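Peer 1: Here are the chains, one letter per residue:
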Amino acid sequence: MTAAAPYVPLITVEDLEVVFQAGALSVKAVRGVSFTIGKSEILALVGESGSGKSSTGLAMLGLHPPAKVEVSGAIHIRCKDGSDLDVVSASERRLRRLRGNDVAMIFQEPMSSLNPVHRIGDQIAEVLRLHRSMPRSKAWTRALELLTELGVASPEKCLASYPHQLSGGMRQRVMIAMALGGEPALLIADEPTTALDVTIQAQIVDLLKALQQQNHMAMLFVSHDLGLVSQVASRVLVMYAGEIVEAGPLPDVFRRPRMPYTRALMRSRAGLGAARRKIEPIPGNVPNLVHLPKGCAFHPRCPYSLPGLCDVVPPMLEVAAEGWSVRCHRWREVEAAEA
Amino acid sequence: MTAGPLLQVRHLRKYYDITKGLFSRVVGHVHAIEDVSFDIAAREVLGLAGESGSGKTTIGRAVLRLVEATSGEVLFDGTNVLDLAPRALRDFRRSAQIIFQDPYASIDPTMTVGDVVAEPLRVQSLAKGSALTDRVERLLADVSLPADFMRRRPADLSGGQRQRVVIARALAVEPRFIVADEPVSSLDVSIQAQIIRLLEDLEEQRGFSMLFISHDLAIMEYLSDRIAVVYLGRLMEIGPSSEVIARPRHPYTEALISAVPDTTNGRKRIILKGDIPSPVAPPSGCVFRTRCPYALSACSQEVPTLREVSPGHAKACLRDDVP
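So the protein sequences, as listed, match chains A and B.
Reminder that position 290 of the first sequence reads as 290 in the numbering used here, one-by-one numbering, no gaps.
Each position in the second sequence, counted from 1, maps to that position plus 1000 in the numbering used here.
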């Protein structure tokens, strides 16, 4: 990491709320989320399903359909042309210019993001023609370069292939090539290796890290895998039921988690080899977002929950140390009890 | 482990035909399982590790005859399962059950939870009437689901609850052997831990044997007594869990373990090049040699056979000096 460089936020998210409207029901998927991502910083966003991590990622590209999803708050991005844009209030026309140029995204399942009837070369070239206004022939040459940079063994053959002819790892490389084609300042990677085998996952993660360093690109790495996240990111946001419950530097947050949920998550994992330990499951289920528990959303599953406090008063995000915040009424007592 | 293996798999092979043209001419074979042999003792949990396309799921299904093997033997209590007539096969299913990966696909959404769990008992004519209801209730209690879940439909259940129902259904006939095929990989981290602990407790109480198929080595080490590693349908290494993880003897196992991301960042990492080769035209000699960092020219000539490197621990690799 560029530890010496001053921290310049590229993205500032303020009080983001994402509410899905389903008939008479409204589901708050993201509740008051605020964070920043520095220039060439890798920030991880972890949580279980329904925690709001993917909804947050989609909001940053303005990808929620306005008819069904209400997005409020602000997402400020410093664009490459020097302007400052609020994604939440920007027009669809302006957003189209943002996507691919300033912010790009790669998804979990590359097969569903690629067009099955077009050759890979045409799909990468299309991105370059749209975002970089390259002529067709030049776009193909650049596509070839991109695939070579991404360590594709026979890039010519890959360009001439259709998506179904490629392996999962290769498809994800193609997605990355398309995402990098517009030279974005921020890459959002939403579970980019979840569909891949561990050996291929290791290849893709190394590639993403190398590219990020080379291109000084910022990255939001969305994942449920705590181990993976600690290999990639320098800072982490832990989300639960639509809120950030802990935010801080890595690997410290995973080594000494302060929020009981992060603690419980670490203890519910099976360690490998020397790290092997008894698994301690978290009782109960992730809460239903339609009927959130009163007070702290985690209190029904929390061993430290204090009746009259945790089930009544919603906790605020408190600063526990420099660059480290925790959403828990009792983090001080919990820390003292565990020490 | 205790004396006499419950399950003995001998030279199991499964080829799928590749056909072409109007008359479905056979032009090649997919070598899904290639000469795999292993034992599982009574009360033992054998973990089967490997990447997608390694054949681990096919092995699990071939052992239960959910797919028909091309050749080989599967001896359950000394009887070859692959030879069983339909009637005898139904009796075998009373002793051997499977838990599938995706609890959204393996439960009929129109049935109530009670009917799902009762079905194997009805099919096997093991209980009816109030005795059946009692047993279903007890089974639900065993997987920590309240009795009133009997009347619920799968749609009302979370993924973790569904997987508990699938486990209760597998346990209904009191099997002596269970194949668990990626039973937690579709679940959230906190729910995974619940299901792993449940399987651990049930195995301890009921003493069934289990073939535990997973791509997650940490979970596998946690649950299994021994681990077998497969690659392109072949067994690469087999041995006691803690030994295989702490001191892998096959280069593929070593790479697989090193690729598991952990929160401590302490382990040596080996990044394998390329993808798994096609099982239609597997590499000559050792099938792993195309990705192996230690491959010699001899590795393309000779097919390594499984040989013991320490008591109960065997590998299929020509080299003694690595990893």
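If you're looking for bench data, these hints aren't it; they were derived computationally from the structure.
Predicted, not measured: the structure shown is a model, and the values here were computed from it.
Cβ atoms here follow ideal geometry from the backbone N, Cα and C, with glycine treated the same way.
Errors might be hidden in some of the hints.
To be verified - Some chain B residues flagged as far from chain A (calculated, every beta-carbon gap over 10 Å):
1. ARG1061
2. ASP1134
3. LEU1318
Stated by the list, open to error - Covered stretches of chain B, as calculated for chain A (at least 3 residues, CB under 8 Å):
4. 1016 to 1025
5. 1182 to 1191
6. 1250 to 1257
Peer 1: Check the structure against each numbered hint from earlier and tell me which ones fail, lowest number first.
Peer 2: 4
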